[in-house]
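Order-wise, the sequence lines are chains A, B, C and D. Quick note on our numbering: the first sequence kicks off at 1 and runs consecutively. Quick note on our numbering: the second sequence kicks off at 1 and runs consecutively. Quick note on our numbering: the third sequence kicks off at 1 and runs consecutively. Quick note on our numbering: the fourth sequence kicks off at 1 and runs consecutively.
Don't read these hints as lab results, they were simulated from the structure. It is possible that some hints are incorrect.
Said to hold, decoys possible - Listed below are several chain C residues computed to face chain D (Cβ distance under 7 Å; list not exhaustive): (1) D26; (2) G193; (3) G197.
As the list claims (entries may be wrong) - Derived CB-CB ranges, DEER-like: (4) L75(A) / V143(C): 28 to 36 Å; (5) E19(C) / I75(D): 51 to 59 Å; (6) G79(A) / G208(D): 33 to 41 Å; (7) I64(D) / V442(B): 33 to 41 Å; (8) A147(C) / L16(A): 33 to 41 Å; (9) P542(B) / Q4(A): 34 to 42 Å; (10) E19(C) / V442(B): 53 to 61 Å; (11) L123(C) / R227(D): 46 to 54 Å; (12) F5(D) / L78(A): 22 to 30 Å; (13) T100(D) / L40(A): 34 to 42 Å.
No residue lacks a Cβ here, since even glycine has one placed at the ideal position from N, Cα and C.
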Amino acid sequence: MSAQVRTYTIIFAILLALMGATIFASFHHIGRFNLALTMLIATIKAVLVVLFFMHVWDSPRLTWLTAGGSVVWLLILLGLTFTDYGTRDWKPNPLGTHPVLLPELESPTPQPGKEAGH
Amino acid sequence: MSAEDKNQPTAAQLAAPSLPKKHYLNSRYSPGSWLLTKDHKRIGLLYLMSITFFFFIGGAAAVLFRLELMTPQGELQPDTYNKLFTLHGITMVFFFLIPAIPAVLGNFLIPIMIGARDLAFPRLNLLSWYLYMVGGAFTIYVMLAGGVDTGWTFYTPYSSTYSNTYVMATAVGIFITGFSSILTGLNILVTVHKMRAPGMTWFRLPLFVWSNYATSLIMVLGTPVVAIAILLVAIERGFGIGIFDPRLGGDPILFQHLFWFYSHPAVYIMVLPAMGVVSELVATFSRNRVFGYRFVAFASVAIAVLSFLVWGHHMFVSGQSIYEGMVFSFLSFLIAIPSAIKVFNWTATLYKGTVTFDTPLLYAAGFIGLFTVGGMTGLFLSALAVDVHVHDTYFIVAHFHYIMVGGTVMAYLGGIHYWWPKMTGRMYPELWARISAVLVFVGFNLTFFPQFILGYLGMPRRYHVYPDGFQVLNVMSSAGASILGFAYLFPMCYLLWSLKYGKPAGDNPWNAIGLEWQTTSPPPTENFTKTPIVDYEAYAYPGSIIH
Amino acid sequence: MHTPEALSTDDPHGHTGLEFAHHFDDWQQEYQSKSLGMWLFLVTEVMFFGGMFLVYMVYRYQFTPAFDASSRLLNLWAGAINTVVLLASSFTVALAVHAAHLGNRKMLVRLLAATLLLGVVFLGIKAYEYSEKFQPGHQLVPVAGWAFDYHGPEPQQAKLFFGLYFAMTGVHALHMIIGIGIFVYLLWFARQGRYTGGNFVSVELAGLYWHFVDIIWIFLFPLLYLVDRS
Amino acid sequence: MNKEFQLFPEAASSVASSVDELYFFLIGLTIFFSVLVAGLILYFAIKYRRGNRHVDRLQHPAPIWLELSWILFPIPILLFIFFWGASLFFKIYRPPDNATEITVVAEQWMWKLQQPSGRREVDTLHVPMNQPVRLKMISQDVIHSFYVPAFRLKQDVIPGRYSTLWFEPTKEGEFQLFCAEYCGTEHSQMIGKVVVMEPNEYQNWLAGGTTNEPPEVTGAKLFEQYRCGSCHTLDGTRGRGPSLIGIFGKQVRLNNGRVVKVDDDYIRKSIYTPAAQVVEGYQPIMPTYEGQLSEEAVMQIIAYMKSMTQQAPAAQGEKTE
Ligand code: HEA
Ligand code: HEA
Ligand code: CUA
Ligand SMILES: [Cu+2]
C-alpha cells in the first residue's frame with residue numbers, strides 16, 4: 001500500500017468514525033449545542049475531504065485561496081443575514097413589539113406590578 | 001526596443017494605413033464559422049450584436065413609458081405600464097448592462113491585452129453566449145406572450161403568489177443567463193491567472209484587465225445566489241411551498257436578502273468594467289500613465305470585496321432589523337473610498353499630460369462627472385434617514401441611471417469608439433461622433449436630473465398615474481429621453497456606415513501603448529503572429545514616471 | 001510519447017509531450033487552467049447551495065419545533081447508509097485519481113466502475129426514501145392541495161421543512177445524476193486507456209466535482225436528519 | 001396637495017426639517033465634489049491640451065501624501081454622514097410612549113384604517129396636529145409601503161408581521177399618502193391622503209362617524225361570536241386553554257422551553273397559527289382562525305386583550321415576570 005493509498009484509507013476511516021459520532025450525538029440532548037456540534041463535525045469532515053481527497057493540502061496557494069474564499073463568502077452571506085434575524089426583536093424596533101431594552105410602549109398606563117422591575 | 005518604439009507607427013503605416021490581408025473577420029465567412037466559432041473576438045462581436053438588440057428593446061420600452069409619463073393620467077393600461085418597466089429593467093440589467101463591457105470588450109480585448117491567443121476555455125465562452133441567447137429567447141417569449149409585471153426585483157410574495165403573468169418563464173430565462181454570466185466570469189479569471197504572456201506581470205496589466213478581473217470575481221461569487229433565489233421563487237410558485245410567502249409560513253424579507261446579496265454586487269458588475277475602460281481612455285488621451293496605478297488596481301478589487309457587504313442598504317425600510325440597517329449603512333459608506341480613489345486618480349492623470357479631445361475622451365470625461373454625481377447621491381441613500389424618505393421614489397431612479405446610463409453606458413460607448421478601429425480596422429467619422437457624444441450628455445441630464453427633484457418631492461417609482469404637480473418635471477424628463485434616444489441612434493448609424501466607408505485605421509491609430517495596439521487592426525485569428533514578450537510597464541508613455 | 005513518470009503533480013514544469021489545445025503554450029498551462037477553472041466552478045456551487053443552506057438555517061432558527069419534529073420523520077437509517085455510501089464513493093474516486101496518476105488502466109477502470117455503482121446505490125436509496133414520503137397515510141409532500149400527514153407542532157412550517165428537504169436533496173441528487181453521467185463517460189474512455197497515458201486531467205477534475213457533491217451531503221445529512229433525535 | 005408645480009416638498013412633521021437639513025448638507029457636499037472634479041478635469045484638459053506648447057510637462061514622482069490624503073480625507077466626512085443619518089434614523093423609528101395607536105391594514109389596493117375611538121376610514125387618515133401618532137400596520141396580501149412625503153416617512157407594510165411607524169404632524173392640511181412598494185396592477189392608484197386637524201376639530205370629527213365602535217368593543221364581540229370563551233376564561237382560572245385576562249405584556253413559557261413576551265405579534269400568531277407556540281402545560285387543541293378572522297378582526301381582538309390588561313389587577317398567578 002503506497003503512502004498515498006494509506007492516507008486515503010485513514011481519512012476514510014476517520015470520516016466514518018465522525019459520521020458515527022454525529023449520529024450518536026444527535027440522540028443525546030445537549031440543548032442548543034446539538035446544532036453547533038453536528039456542524040462542527042460536518043465541518044471537520046468537509047475539511048478532511050477538501051484537504052486530502054481533493055489534494056488541497058499539497059496544492060498551490062491559489063487553490064487554498066479559492067477554497068478558502070468560498071467559505072469566507074458563504075460566511076458573509078450567512079453572517080450578515082443572521083445579524084438581521086438576531087436583532088429584529090431588539091428595541092426600539094419599527095417591527096417587533098418585544099420590548100427588551102426600553103420600557104413598555106404598549107400600555108400607556110403604568111402597571112403597578114412592573115414598576116419594581118425598572 | 002522601448003515601449004514607445006514598438007508603438008510608433010512605421011513609416012509605411014503613416015503613409016497610408018490599409019487593412020491587413022488576413023484577419024479574424026475575413027478568415028472564413030460561412031455562418032458556421034460565426035455560430036460555432038471559438039475565437040473570442042468573434043464571440044465578442046456576437047455579444048455586441050445581441051446586447052445591442054436587447055438595448056434597443058429596453059430602450060423602446062423606456063420610450064413608451066416615458067411617453068406615458070408625459071401626462072398625469074396615462075393612456076396605457078396599468079398592467080401594460082407595469083410590464084413595460086419590468087421588461088425595461090430586466091433587459092437593461094441582465095441582457096444589456098451586465099454583459100455589455102465584460103462580454104463584448106472584455107471578451108475581445110482581455111486575451112489580446114495580456115498577450116494570449118484566446119481565453120482559457122474557448123468552448124465555454126461560446127457556450128456562455130448560447131446560454132445568454134437561450135435566456136434571452138425566454139425573455140423575448142415572455143415579452144411576446146404577454147409580459148411579466150413583477151419589476152426587475154421580483155419581490156415576494158407578489159412574484160411568487162400574486163402576479164398572474166409569466167413569472168416562471170422569466171425566472172428560467174434569468175436563471176440561464178445567470179450561468180452565462182458565471183461562465184464568462186470564470187473564463188476571465190482563469191485567463192488572467194494563467195494565460196498572461198511572458199513578462200506580463202500583475203502590475204503590468206492594463207487597468208481594464210484589473211477591473212474586469214474584479215468584476216469576474218463578483219460574477220462567480222454572487223450570481224449563484226440570485227440563481228438559487230429565483231429557483232426558490234419558481235419552486236414556490238410551481239408547487240405552492242411557502243418558502244417566502246408568510247401565509248404559507250415563509251418570510252418575504254429573506255428573499256430580499258438573497259436577491260440583494262447578488263444584485264447589489266451586480267451594480268458593481270455594471271460599473272467596474274466601465275471604470276476599467278475609463279482608465280484606458282484617460283491614459284491614452286492624456287498620453288500619461290494612469291496616476292496611482294496600483295491604487296486604482298487595488299481599488300477595483302476592494303470594490304469587488306466590499307460590494308458583498310452592503311446589500312442591506314436596499315432594505316432600510318423593508319422590515320429588516322434597524323440595527324442591521326445601521327451596519328449596512330456604515331459598510332455602504334466604506335465603499336465610497338475606493339470609488340473616490342479612482343475618481344481622484346483619473347483626474348490627476350490629466351495633470352501634465354498631452355490631452356487630445358477625441359470622442360472617447362469626451363465620453364470618459366462624461367463618465368467621471370456623472371459617476372461622481374450618481375455616486376454621491378448613493379451616499380444620500382446610504383444615509384439612513386434620507387433613504388427613509390427617498391426610498392422607492394424617483395430619486396432612486398435618478399441615482400442609478402446617473403451611474404448606469406450616465407456612467408456605464410457612456411464608458412461603454414467611449415470604449416466602443418476607442419477600440420472600434422481595432423475591432424473593424426476602420427475609423428468612425430470623428431465629427432459625428434463628437435456631436436453625438438455631446439448630445440448624449442445633454443439628453444441624459446435633461447432626462448434624469450429632473451428625476452432627482454421629483455424623487456425628493458415624493459413621486460414614487462413604478463407609478464404611471466401621478467399628481468398633477470409633478471407633470472412639468474416629468475415632461476422635461478420625457479423630452480430629454482427623446483433626445484437621448486436619438487443620440488443613441490446616431491452611433492448606430494455612423495458606426496455601421498464606417499464598416500464599409502470608414503478609412504482604414506492602421507494598427508495604432510491613437511498612438512497608444514498596450515499589446516492590443518501592437519497587433520494588426522483587425523487582429524489575426526490567433527491575435528499575434530508571434531507570442532509577445534512584455535518588457536515594459538503599462539502606460540509607459542514618454543515622460544511618465546513609473547513607480 | 002507516453003511518459004507517465006514525468007507526470008507527478010509535484011513537477012509543475014515537467015514538459016510532458018502530451019497533446020494540448022492550440023491556444024495554450026504547453027500541457028502544464030492547460031492542466032493548471034482547467035484545474036483552476038474547476039475550483040472556481042466549485043466556488044459557484046458553494047454559493048449556490050449556500051443560498052439554500054441560508055434559507056434552511058433561517059427557518060430552522062425561527063421554527064425550531066417544526067423542524068425538530070419534521071426531522072424525526074425522515075428515515076435516519078436510509079440517510080446514514082447513504083452517507084456511508086457517498087463517503088465510500090469519495091474514497092474510490094480518490095483512489096481512481098491515484099490510479100490515473102499511476103497510469104494503471106485496469107485499476108482505474110475498476111475504481112471508476114465502483115464509484116459509479118456507489119452513486120447508483122445512493123440514488124436508489126434516495127428514490128426509496130422519496131417514495132416513502134409519497135405513501136398514502138404518511139404522505140409528506142408539501143405540494144399545495146395534497147394530503148400532508150404531519151401531526152406535530154407548526155404544520156405550516158413543517159411543510160417548509162419538507163419543501164426545503166425536497167429542494168435541497170433534489171438539487172443534490174441532480175448533481176449526483178450529472179456526476180454519474182460524467183463517470184459513465186470517463187469509464188468509457190478509461191477502458192480505451194485515454195487517461196492512463198499521462199493525461200489524467202479529466203479524471204482529476206471529475207474527482208473534484210464528485211468530492212464536492214459528497215461534501216454537500218456531509219452537511220445535508222446532519223442538517224436534515226439529525227436536527228434533534230433525543 | 002401636489003396640485004401645483006413645486007421644487008421642494010412641504011415639511012409637515014416633527015422630523016421633516018431634520019431630514020431636510022441632512023439632505024441640504026449632502027447636496028452641498030455633492031456640489032462641492034462635482035464642481036471640484038469637473039472643474040479640475042476641464043482645467044487640466046484645457047491647460048494641457050496638445051496644442052498648448054507653453055506648459056511645463058516635466059513629471060515628478062507623485063508624492064505618497066497626495067494619494068494618502070484623498071484616501072484618508074473622505075473617511076471623517078463619511079463617518080460624519082453616517083452618524084448623522086443613523087441617529088436621525090433612530091429618532092424616526094423610536095415611538096414616544098404616549099402616541100395614539102391607529103391600525104392600518106393594507107391590501108391590494110387600498111388602505112383600511114381604524115382610529116382608537118373606532119372610527120374607520122379607507123384611504124384617508126385623520127390625525128390631530130402636534131400629537132404623536134403610532135401606526136400599527138399589516139398587509140393582507142403582498143408588501144406595500146406607507147409613505148407620506150410631507151412627513152419624510154415611509155415604512156413597508158408586510159404580510160405576516162406588524163410593522164409600526166410613528167409621526168407627529170406639525171402642519172394643518174391635507175397631505176398625499178402613497179403606496180411606495182410595488183404591489184401589482186394598481187400600485188399607482190393605491191394612494192390617499194392624511195388630513196391633519198386641530199386637536200379639538202379632530203375630536204369633533206371622531207365623534208361624527210357612523211361606525212364608532214371602539215376596536216376593543218368589537219373585539220369583545222368577536223370573542224363572543226367565535227366562542228373563544230369555550231376554552232378561555234376571563235377570570236384567571238384555567239380552562240381548556242389559558243385564561244386570557246391580563247396576559248398582554250406578560251411573559252409566558254412555551255412548551256419548547258422558550259419564554260416569550262405576549263405582544264401584538266404573539267397574539268396574532270396564537271390566533272392564526274396556534275400550534276406554532278403552545279403554552280406550557282396545555283395541549284395544542286386550539287383551532288386556527290386563519291381565513292375566518294380578518295387581519296382587522298385580529299387587531300380588534302388584540303385591542304380587547306390590551307384593554308383587559310389595563311383593567312386587570314397586576315400580577316396574574318402563573319404568568320408574572
Ligand atoms: C452601476 C450601478 C450602481 C452603482 C455603481 C451604485 C453605487 C452606489 N449606490 Fe446604488 N443603486 C443602483 C445602482 C448603482 N449604485 C441601483 C440599480 C439601485 C436601485 C435598485 C432598485 O431598487 O431597483 C441602487 C440603489 C441604491 C440604494 C438603495 C436605495 C433604496 O432603494 O432605498 C442605495 C442605498 O444606500 C445605494 C447606494 C449606493 C452607494 C453608496 C454607491 C457607491 O458605490 C457610490 C460611490 C461613489 C462615490 C461616492 C462618488 C465618487 C467619490 C468621490 C467623488 C469622492 C468624494 C466623496 C466623498 C468624500 C463622500 N444605491
Ligand atoms: C442598464 C440599465 C438601464 C438603462 C440603460 C436605462 C435606460 C433608460 N431608462 Fe431605465 N431603468 C433601469 C435600468 C436602465 N435604464 C432599471 C433597472 C429600472 C428599474 C426597473 C424596475 O423598477 O423594475 C429602470 C427604470 C426606469 C424608469 C422608472 C420607471 C418606473 O419606476 O415607473 C424610467 C423612467 O423614466 C427609466 C427611464 C429610462 C430612460 C429614458 C432610459 C434611456 O437611457 C433609454 C435610451 C434608449 C433608447 C431611447 C433606445 C433608442 C431606441 C430608439 C429611439 C428606437 C425607438 C423605437 C421604438 C419606440 C419602436 N428607467
Ligand atoms: Cu400597495 Cu403599492
Ligand atoms: Cu446597492
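| task | Of all the hints given earlier, name the ones this structure violates by number, lowest first. | result | As far as the earlier hints go, 1, 2, 3, 6, 9, 12 and 13 are violated by this structure, in ascending order.
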